[in-house]
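J.: Read off the chains here:
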Amino acid sequence: MDNNSVFETRSLSIFYGNFMAVADVSINVPRHKITAIIGPSGCGKSTLLRAFNRMNELFPDTHIHGDVLFDGQNIYEKSVDPVEVRYRIGMVFQKANPFPKSIYENVAWAARIHGHKGNMDELVESSLRQAALWDEVKDKMKQSGLSLSGGQQQRLCIARAIAVKPEVILMDEPASALDPIATLKIEELMQELKQKYTIVIVTHNMQQAARVSDYTAMMMLTGETRSGTVIEFDATNKIFTRPADKRTEDYVTGRFG
Amino acid sequence: MAQKNANGLNQDPGPERPAMTLKRRQRPGENVIQSLLFIAGFFSIFTTLGIVYELGKEAWLFFRLPEVNIWKFLTGTQWQPHINEFGILPLVSATLVTTAIAMLIAIPLGLAAALYLSEYASKKTRNTLKPVLEILAGIPTIVYGYFALTFVTPLLRTIFGSDIVDIYNTGSAGLVMGILILPLITSISEDALNSVPRSLREAAYGLGATKLEVAVKIVLPAALSGIAAAVILGISRAIGETMIVAVAAGAGPNFTLNPFKAAETMTGHIVRISGGDLSYDSIDYNSIFAIGLMLFFMTLTLNIISQRIVRRFREVYE
Amino acid sequence: MKNAENRKKGPEDGTRVRDSVLSSSLSNLPSRNRAGRTWQLVFLSSTVIGILALTALLLNILDSSFGFVVLHARTDPATYSVNGVGLEDQTKDQLVALLQSELSSGAYNKLNNEKSFESRSRAEVYGIVIERLVKYSVEESWSLWQSITRSGEIRTYAAEHYPGDKLTFLSWLTADFVSRPQSSEAVTAGIRTAILGSLWTIFITILFAFPTGVGAAIYLEEYAADNWLNRIIRTNINNLAGVPSIIYGILGLAIFVRLMETLTSGALFGLVDSTTANGRTILSAGLTLGLLVLPVIIINSQEAIRSVPQSLRKASYGLGATKWQTVWFHVLPNAIPGILTGTILAVSRAIGETAPLVVIGASSAISVDPSGPFSKFTTLPIQIYQWTARPQAEWRHLAASAIVVLLAMLLSLNAAAIVVRNRFARKY
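Chains as they are written, first to last, in the working numbering: chain A, 1 to 257; chain B, 258 to 575; chain C, 576 to 1003.
No lab work stands behind these hints, which were simulated from the structure alone. The structure presented is a predicted model; accordingly, all values stated were derived computationally and were not measured. Accuracy of the hints is not assured; some may be wrong.
Claimed, not checked - Under 7 Å between C-beta atoms, here's a sample of chain C residues computed to sit facing chain B:
(1) GLN721
(2) LEU795
(3) PRO884
(4) ILE978
By construction, the Cβ of each residue, glycine as well, lies at the ideal position given by its N, Cα and C atoms.
Work out the full structure: start from the sequences and follow the hints.
T.: Right under this line is the structure:
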């Protein structure tokens, strides 16, 4: 596996009980780039995303076939601790979910339980700066995280994820609940973040994927089982200007979906 | 020299972190905690097993005694241990009389109150009346017992004459029990009435029905299973009620259906016997368990039936 | 006519208009509306009856707590005056000396051994003097209503029938009443022993039931897979919540009092004289009530935990937290208000319970305050029960006063529950 891929999936299929939600995905997610997963709703984008940090296991009765390699290591091996996986791979959710604690505590909490030994104040400030939130909250660190606006809350969640120094940040439709200005801020932030982290984003907004990402995976429901699979994975400008698959072309030109 | 970007951060290639593996870490603390929590959950099973085992064991000892015959136990009309009469019917009859009187009060009044609160009352009225009913439910039963003995009985004796109404009688105990159970019936019935979908009411109003007709002919029948569950729970509560009857109904088994006379219920008997001098393994001691076992099965059966009905009615509307 | 059409109110409104306009075509509408109005009144009255019953109950109790009494002193207290100083004004030492001279040495020593006179307060010693030497007994008593409305009548009656005795208006409910121990004389009886017994018992109940109940709820909501064993546990708990309290008493009798006697009596720890020790102690009482409220605490805590939004848990897991870390740092803190409210309500139910403790064997005549979990016990509701069961009227008055104290305790507990719920709900 080449060193430029953070994730490599090999014939990955994801099951809920007997239902195959995602079928046979083999892609390489490149390091320090933004990769977008797009497709019509219900085609398994979030399910695929959650497979990267084993969050699927919070649902009952799920299992996978195939492999998911993170930095060359299969994260679904029996000897691997899912808690460690989630520590190294951060996640931001569709609806911002800061803890009902102070802004400071929101950022510091996870680092603390993982045994952070250095100066906590510095870590909190650095994380908030990287999330482009420091200037707006530096005077109200003790206020509740829930007192911020929607966009600010989402950036707080990003800061929270950054504080534990992950290698990858997974984002599940992070701006879908935000107004256009807040969305723009998040998109700008992502460009900054990719210098230090790898970002994988699920979005139903094609224009956003086109603006923001370097690589794009196009997913769709196929086959008799109606399972989601990646029908095309390529550099973003190629997907949106000269896609190889006709279905991709139909989707990105708005002919359906 | 690292360059700083617009945010004041060093532009180094990646955040520093120690190399670490993804190896599964030993987390013994988690396992210990999970075991402790499971034991806590298991305690409830311990309680049920304890109840069934202890009641069963001692009752078995009771029924094994030569003086006791299970058939006569269930059908005999005299409970006089000193002459080896162990018929439980006097106790059961008193229980049934008090329960019946209690339900005669609690069901009509409770249902009417539920109808009023759910179909007629404004939000403000509801918010004032509901807490009062909840207070009724929170008063300790010994206080109700006192009330029955010192207020209701003299009242009955004034109304019906003191030669007809004894000082201890099952009637006042039953009446006060009805007041005790009334809030239970009201709150469960009200939940049932509220769960009936608005669309049903609107259809009826649209056809020109009056409020009374909608409430009684449409909503009430639709909520019937929930109301039935409430009634059954109320009966179960009445059967198990102890202090009101212990104080006001009388001491000493008496096989009668006359509510103006004194009689002892199953629960009252248990309390009286265990309140006195009780030596372990005496026949009195064992008889407590036999009666208790009967009581347990009666209330358990009623509760299970009630739960089944609630489950069925929830399915209909969800 | 237009007004009736434009108003957007319930179907009962405008009935009068409809009656007249439509009565020609729909002939039964007026009578249907009349029936509706009648029944509405009936339903309202039924609701009000509950309130009336509650009022009657409270008034009845207050009525019994105050009133005229005729007190007969076996020995005139005036005979005990020293140098013109009456009993009420004598010092503690004078009173102790009086006891020593009037009581038999056996009786005096027994009192001293129970609790030395040095350590007793003056009020306590005064109480003993009244109880043993003056020996007021109640000849007759009247309720508050009677005392107010027929006071002249009562005075003449008392003067006629009880010439040598004192007629006084007594409040059975006094501060002394709360602070005095149990006694065999109505005039000097108090509920201190009972209140302390209740408090000790509830303390044990909470100590046992709160961690176990919350722990079980955490297990069922966060850890338990949906398999057969856990489903049985869940149904089981729901059934246990409906078992009559007296059954718990029987269970407690068999297991805590009898089976575990060496533990519950304290003999295991060598704390108690094994010849008088038995299992009818505060420990047994507390554990029995603990089993009684356990299902209620579990069910309430389960609901509180369930109401914590799933998004909070997802955020925590996403950051690489373990299950227990998620529960401890996020689920529990947000579920605490609901858990506390439920526990307070369960506790207030336990305080009022009588039947299970009677079955276990509350002591009927103890005057020594409980000193620990291995003491014999009595509780406030049991005291009320025992007093109510006595035939003489004066015990009814005491029972009523004790009920007032009990209801006051419960009222404050429930008010505390409401305050807790409101205060924590506003946080964050």
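J.: Run every hint past the structure and note whether it holds.
T.: Hint by hint, here is what the structure shows:
Nearest Cβ of chain B to the Cβ of GLN721/C: about 13 Å, over the 7 Å cut. The hint is violated. The beta carbon of LEU795/C comes within 6 Å of a beta carbon in chain B, closer than 7 Å, and the hint placing it at the interface holds. About 21 Å separates the beta-carbon of PRO884/C from the nearest beta-carbon of chain B, more than 7 Å, and the hint is not met. Restraint check, ILE978/C versus chain B: the minimum CB separation of about 5 Å is within 7 Å; hint holds.
Of the numbered hints stated above, those contradicted by the structure are hints 1, 3, listed in ascending order.
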